[in-house]
Amino acid sequence: MSSIIPLSNVEPALVEELLDRAFGENRASRTAYRIRTGVNWLPSLSFAALDQQQMLVGTIQVWPIALFGNDSLPHPLLMIGPVAVVPERQGEGFGKAMMATVLSSLEPSAALPQFLIGDTAYYGQWGFSSQHTSGWRCPGPWEPERLLLRCENSAILPSEGTLGPWNMN
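Position one of the sequence shown corresponds to residue 1 (the numbering used here), numbered consecutively onward.
Worth flagging that the hints you see were computed from the coordinates, not collected in a lab.
Glycine residues also receive a C-beta, built at the ideal position from the N, C-alpha and C atoms.
Misleading hints may appear alongside valid ones.
Said to hold, decoys possible - Restraint-style ranges between C-beta atoms, simulated for each label pair:
1) Ile156 x Asn26: 27 to 37 Å
2) Ser8 x Asn167: 40 to 50 Å
3) Glu160 x Gly91: 12 to 22 Å
4) Asn40 x Thr101: 14 to 24 Å
5) Thr101 x Pro12: 26 to 36 Å
6) Tyr122 x Asp71: 32 to 42 Å
7) Ala111 x Gln52: 18 to 28 Å
8) Ser8 x Ala111: 19 to 29 Å
9) Ser154 x Gly93: 27 to 37 Å
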């Protein structure tokens, strides 16, 4: 039987190896990594998927980030991702199971809006949309249609701003 467990129960080296396999060894140069530079993933919202043999086949992390509007004030968000599944097990439902696990704790009306970088065709099934993110900028290259938000009341966020790490200290 496959299972979803807290990511904190997995050896960090195994997580890094899985992420390298899923995204390549140059993954740290991606814009998503720049957005969350200097902050740690949130243990209570980050998970791992194990297959029937209890082998690690996927991970999902959630990070504290913020949208810094023209007023330079941080508007906190939760960044979901990476959603990673080893290449040979993709398409078996592990990614969907991990997304369902995270989102079961985060309603669209949650205090912190949820953000990710991805394809609307996939993440739209959970209510993510690029409808309110066209004026957002990232530290690095990005495609505006891939900046996706899940939030019941997007009016609480600036229509323009730059995404970056949210240091909660």
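Can you let me know if the beta-carbon spacing of Asn40 and Thr101 is within 14 to 24 Å?
-> holds (19 Å)
Falls inside 27 to 37 Å, the C-beta gap from Ser154 to Gly93?
-> Hint holds: Cβ distance 30 Å, inside 27 to 37 Å.
Take a look at whether the Cβ-Cβ distance between Ser8 and Ala111 falls inside 19 to 29 Å.
-> holds (23 Å)
Pairwise beta carbon distance, Ser8 to Asn167, judged against the given window 40 to 50 Å | violated (20 Å)
Determine whether the Cβ-Cβ distance between Glu160 and Gly91 falls within the hinted range of 12 to 22 Å.
-> violated (37 Å)
Does the Cβ pair Ile156, Asn26 satisfy 27 to 37 Å?
-> holds (35 Å)
At the C-beta level, are Ala111 and Gln52 separated by a distance inside 18 to 28 Å?
-> violated (37 Å)
Could one say that the CB atoms of Thr101 and Pro12 fall in the range 26 to 36 Å?
-> violated (20 Å)
Pairwise beta carbon distance, Tyr122 to Asp71, judged against the given window 32 to 42 Å | holds (33 Å)
Hint violations for this structure: numbers 2, 3, 5 and 7, all remaining hints satisfied.
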